[in-house]
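Given the coordinates of chain A, work out where chain B should sit on it, guided by the hints.
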Amino acid sequence: DTGVSQNPRHKITKRGQNVTFRCDPISEHNRLYWYRQTLGQGPEFLTYFQNEAQLEKSRLLSDRFSAERPKGSFSTLEIQRTEQGDSAMYLCASSPTSGGANTGELFFGEGSRLTVL
Amino acid sequence: SQQGEEDPQALSIQEGENATMNCSYKTSINNLQWYRQNSGRGLVHLILIRSNEREKHSGRLRVTLDTSKKSSSLLITASRAADTASYFCATDEGNSGYSTLTFGKGTMLLVSP
Numbered sequence: 001d002t003g004v005s006q007n008p009r010h011k012i013t014k015r016g017q018n019v020t021f022r023c024d025p026i027s028e029h030n031r032l033y034w035y036r037q038t039l040g041q042g043p044e045f046l047t048y049f050q051n052e053a054q055l056e057k058s059r060l061l062s063d064r065f066s067a068e069r070p071k072g073s074f075s076t077l078e079i080q081r082t083e084q085g086d087s088a089m090y091l092c093a094s095s096p097t098s099g100g101a102n103t104g105e106l107f108f109g110e111g112s113r114l115t116v117l
Numbered sequence: 001s002q003q004g005e006e007d008p009q010a011l012s013i014q015e016g017e018n019a020t021m022n023c024s025y026k027t028s029i030n031n032l033q034w035y036r037q038n039s040g041r042g043l044v045h046l047i048l049i050r051s052n053e054r055e056k057h058s059g060r061l062r063v064t065l066d067t068s069k070k071s072s073s074l075l076i077t078a079s080r081a082a083d084t085a086s087y088f089c090a091t092d093e094g095n096s097g098y099s100t101l102t103f104g105k106g107t108m109l110l111v112s113p
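Sequences listed follow chains A and B, in order.
According to our numbering, the first sequence is numbered sequentially starting from 1.
According to our numbering, the second sequence is numbered sequentially starting from 1.
Derived by calculation from the structure, the hints in this document are not laboratory data.
Computed from a prediction, not measured in an experiment: that's the story for all the values here.
Here are the simulated DSS-like cross-link-like pairs (lysine-lysine), alpha carbons at most 27 Å apart as the crow flies:
#1 A:K57 with B:K105
#2 B:K105 with B:K70
#3 A:K57 with B:K26
#4 A:K57 with A:K14
#5 B:K69 with B:K56
#6 B:K105 with A:K11
#7 A:K57 with A:K11
#8 B:K26 with B:K70
#9 B:K69 with B:K105
Anything over 10 Å on all C-beta distances counts as not near chain A; from chain B, calculated:
#10 D66
#11 R80
#12 L110
Partial chain B-side listing against chain A, Cβ under 7 Å, derived:
#13 R41
#14 G42
#15 L43
#16 H45
#17 L48
#18 F88
#19 T100
#20 F103
#21 G104
#22 K105
#23 G106
By construction, the Cβ of each residue, glycine as well, lies at the ideal position given by its N, Cα and C atoms.
This is chain A alone, in the form it adopts within the complex (with noise of 0.2 Å):
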């Protein structure tokens, strides 16, 4: 399968936990992205990468939340000491361009539930 993978797809903590999701991308898109989607909303975006840099992460929730890109690749997303309203899907999506200009469409992968006691 070459689509986007996430992991876990459902993880459930207690409150105050730490907890992190990884993302792998679609092999060739160099642009990662990370969206929060609560019930009956629609995706919230949280953070962009392009390639290993973090090119926007203003839009981070508060500075519970942390997302890496170490090599390029992978992604991880890092919520410290969870709260009952983290409670959500975590969306992670890849895109790809063509002479360097943004194609537009992204790639989502399965989300992960993340369910706080």
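Chain B in isolation, oriented as in the chain A frame:
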């Protein structure tokens, strides 16, 4: 914040009927995209229409864009039960060179056999 707003929030039709969903947005855009999401799954890209285009077709899908009214519509013709899903419009303002898409809340489509 969410820019796109889909209408209706929910739509229930019979197989074979056409389904029309509308999207309104607030700011200037570079392109507008439609995505589909089956329950509990990721989003699948359906179609992208650029700001200088007015209509686009892909299979049973037809998308229109009216930039003067800041609105778009998605028409699914001859619907099938397998089309049951949530449909989201997403706008790309194109300011940054990458796709910081802003999604609406979606339209939930139910197609009954």
